[in-house]
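> Chain residues, written in single-letter form:
2 protein chains.
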Amino acid sequence: MDTRTTYIDLLKELGKLNSAVALLTWDEETHMPKKGLDLRAETVGKLSRMAFELSISDELGRCIEDLEGRDDLTERESASLRVVGKEYRRSKAVPPALFEEFTIAQSKSQAAWGEAKRTSDFALFQPHLEKMVDYTRRFADLYGYDDSPYDALLGRYEPGMTTARLREIIRPLRERLVPFIDRLLGEKTPSDASVLDGRFPIDPQRTLARTVLEQIGYDFDAGALDDTMHPFTTQIAPGDVRVTNRYLESNPLSGLFGALHEGGHALYGQGADAELYTLGLSDGASYGFHESQSRLIENQVGRSRPFWTFFRPIFTDALPSLAGISVDDLYRAANRVSRSLIRVEADEVTYNLHIMLRFELETKLLDGSVRVADLPGLWNDAMDSYVGIRPTNDAEGVMQDVHWSTGLIGYFPSYMLGNLYAAQISCTLREAIPSLDEQIADGDFGPLLEWLRDKIHRFGAIYEPGELIVRITGKDLSSEPFLDYVTAKYSEIYRL
Amino acid sequence: MDTRTTYIDLLKELGKLNSAVALLTWDEETHMPKKGLDLRAETVGKLSRMAFELSISDELGRCIEDLEGRDDLTERESASLRVVGKEYRRSKAVPPALFEEFTIAQSKSQAAWGEAKRTSDFALFQPHLEKMVDYTRRFADLYGYDDSPYDALLGRYEPGMTTARLREIIRPLRERLVPFIDRLLGEKTPSDASVLDGRFPIDPQRTLARTVLEQIGYDFDAGALDDTMHPFTTQIAPGDVRVTNRYLESNPLSGLFGALHEGGHALYGQGADAELYTLGLSDGASYGFHESQSRLIENQVGRSRPFWTFFRPIFTDALPSLAGISVDDLYRAANRVSRSLIRVEADEVTYNLHIMLRFELETKLLDGSVRVADLPGLWNDAMDSYVGIRPTNDAEGVMQDVHWSTGLIGYFPSYMLGNLYAAQISCTLREAIPSLDEQIADGDFGPLLEWLRDKIHRFGAIYEPGELIVRITGKDLSSEPFLDYVTAKYSEIYRL
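Respectively, the protein sequence lines represent chains A and B.
With the working numbering, the residue at position 350 of the first sequence is 350, and numbering never jumps.
With the working numbering, the residue at position 35 of the second sequence is 35, and numbering never jumps.
Isolated chain A, as found in the complex:
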């Protein structure tokens, strides 16, 4: 069999294992009864290990080396080799014994984090976090980097991005957002969310989520919507990209924006064809780019005034206690800015500052200029100076996110990059479709989806994000479009 065929066959086998793991994991978070967990954990472990072993197999390695030398590859095949080869070399770089040691320490660390967060006792977590940072630094050395160890981690989630470049891109954020938030929230009366006070039954909220997904063009013949605790989107197969969501009785916007956010991810996934899936290219250009698609649908679309012009009657039909509410009330309630402690609840304006704080601490942990023991204090100081609010305990401070407890360092910037990509893409989109606002106000999301499909979704990971953003917008990534967007939008809302 020729190498190219062997390579594709190996990727197909990998695709089947990954598909099974994705389904088992989805089920665990949606339908699995609690007594099924014991065997499930072992089953997922077995199939994940098989997938991992295949991904670092010598046979795959030989295919990659052999094919990389060829000049008769299609664009998709080259891209596949780039993506699969990079992951192969990363995985091979870590000795199996070290990786196993890490995974054991990782479970202990995650358990310790859970307990430490519950009791708000950072001392319990500290030794575990020190180990996680230490492992991460060793991994970075094994992966290799030019300038900074953080580059080796960041590059996995945002290929081609460096620490230095990221710092440069985001510098204006802090400079402009901190004083802007002061102006927004300083003397002005805060935007009022109390128009949405009440208890809202879950069933109609679930129906609203389904409706809004159908509206934006999510294909239910290639997906499903299920309840979960922590919403996520998962690609189980090229024609099977599922959304999970959560609803709060106290806040009907939570489930709605959750659905829009996950729906944005899902549209990206549904836009990839079966061949991209096989070639390992269907996860999008980067984590940051994936996040751009969820944020664009959630924020640039869902938190826009035209969206609420369209959606108000549907929303109030489903939730009759809100019958009297105006488009403007809803628009303002959906765009309330506040100095809040928890990242996942943060608004569009403050969100990136939450990420910046994490990025700065992560890079310093990696280069050794900050010690784990000093994190709580540094965290609280940074929250104070960036967002203007100080945590009163470490559970709502440095221990709020699960990421670090599992050694996941270098991932947080993806959230910020998503916001920046989304704003920059949105500018081009609005030039390309001048009547977008009118279309959205009419509930016509077809041209929007068509444009996203044409410019972004259908390419999967064929292009690295740095190249893709130029292809779409004609420019390198910058934070200016985002800053212009929030400044204009929130100045208007807050009548600055």
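No lab work stands behind these hints, which were simulated from the structure alone.
Treat each hint with caution, since some may be false.
[As the list claims (entries may be wrong)] Pair by pair, the computed Cβ-Cβ distance ranges are:
#1 A:D227 x B:A111: 34 to 40 angstroms
#2 A:K86 x B:D71: 44 to 50 angstroms
#3 B:T103 x A:E431: 52 to 58 angstroms
#4 B:D227 x A:D484: 47 to 53 angstroms
Keep in mind it's a predicted model, so treat the numbers as computed, not measured.
Beta carbons: idealized from backbone N, C-alpha and C, even for Gly.
Got chain A sorted already, so can you dock chain B onto it with the hints?
Coordinates of chain B only, in the frame set by chain A:
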């Protein structure tokens, strides 16, 4: 590592693969969007093949041979070796090339059956069915048998049962049922089901199914209830035994008895502990025994008058258009006998005759005394003489069931055996719990489940069905208890 540990470890690995396949298959029939099918079929194929290869691996074979010689095995270990060893030898008996040839012919045959049934054109299906019969006969020869090739097939589903013995057990059924049906349906006014005429929304029917499952003791922390086209129960893990069900707007009893039937299977599955699962013993004593648990809950419990005394208010609360209906109306509607063509819609009295017909044709196909070409006519004649109704086309005659199209011959008797076991077990149960009727009328199913757990469920496949029925009832299986049960019950209902 010692052989016993290796054996258990291999079975654990097999259990994980089987669990993944069970979940993938369950999802395919419940939640999977249709565009996910292509990869799903391949993923299930891959994991099933891996499980099959493990189940016929030389390593497992060596363990079985080595352990079979030992005298220090526990009762469970011996049973495991009996069950796993038998399946191992069956699978090894068929050369891989022949089996692959068969699976290809099998998909073609099933597709041809679908088309032939749709157009009611037996000639389309005939050459495929001939091949399936031929393969099945070759498999029977390879598996080996003492008296009749049918024994080799039957024994897989009902270990220890032979064709001759089965013929003897069921002889009285035909002798007594055919004249009894004539008496029931002869001059008498048929029982009236029109009290349930109407359209009944699906949502409350689904809630009723959930309620009745909770009532009989189905543990939702170790299972789930989902919609499907063709109801089934599946054991995904020892603590994860899921029920699927279907509801008809035109008939609220269909979904209710479906839930009770599947619930009976599920109680059996939930009664097996994790060790039985690992040892390959959690699927019950036989297919017939499994069916006895579903039929006992569906018929001896669910189609009893005490059940409707208890359930009438719950039923009519959920379906207010039935508010005026009496317990007696419901009891009679649930126990309507009719001469009908389709097995899956048959009542308790005629059901076994549908099976007897299939059993007789299957044995004759296997021993060569009947040719496939003659099946349609023989089928119609037998329906006429047993059930007293003649199909007008082959779609509602010989082609109504999928089984034969996949080469599944020897399985049908399990349905009949289920009814016979259920009636015989029910006699003993009623002696053991004299107040069972009062308990059921009060909605107290606890003592019933406790008894089934104690006498049947907790043993899984430790005992062969022939031994288990004696342990439970003190007697070998016979059709007398079933005949006495239907004669008494339906004589009363039909006021003979």
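> Next step is simple, just say for each hint if it's right about the structure.
Status of the hints after comparison with the structure:
{"no.": "1", "hint": "A:D227 x B:A111: 34 to 40 angstroms", "result": "37 angstroms, holds"}
{"no.": "2", "hint": "A:K86 x B:D71: 44 to 50 angstroms", "result": "57 angstroms, violated"}
{"no.": "3", "hint": "B:T103 x A:E431: 52 to 58 angstroms", "result": "56 angstroms, holds"}
{"no.": "4", "hint": "B:D227 x A:D484: 47 to 53 angstroms", "result": "49 angstroms, holds"}
The structure fails hint 2 only (numbered hints given earlier).
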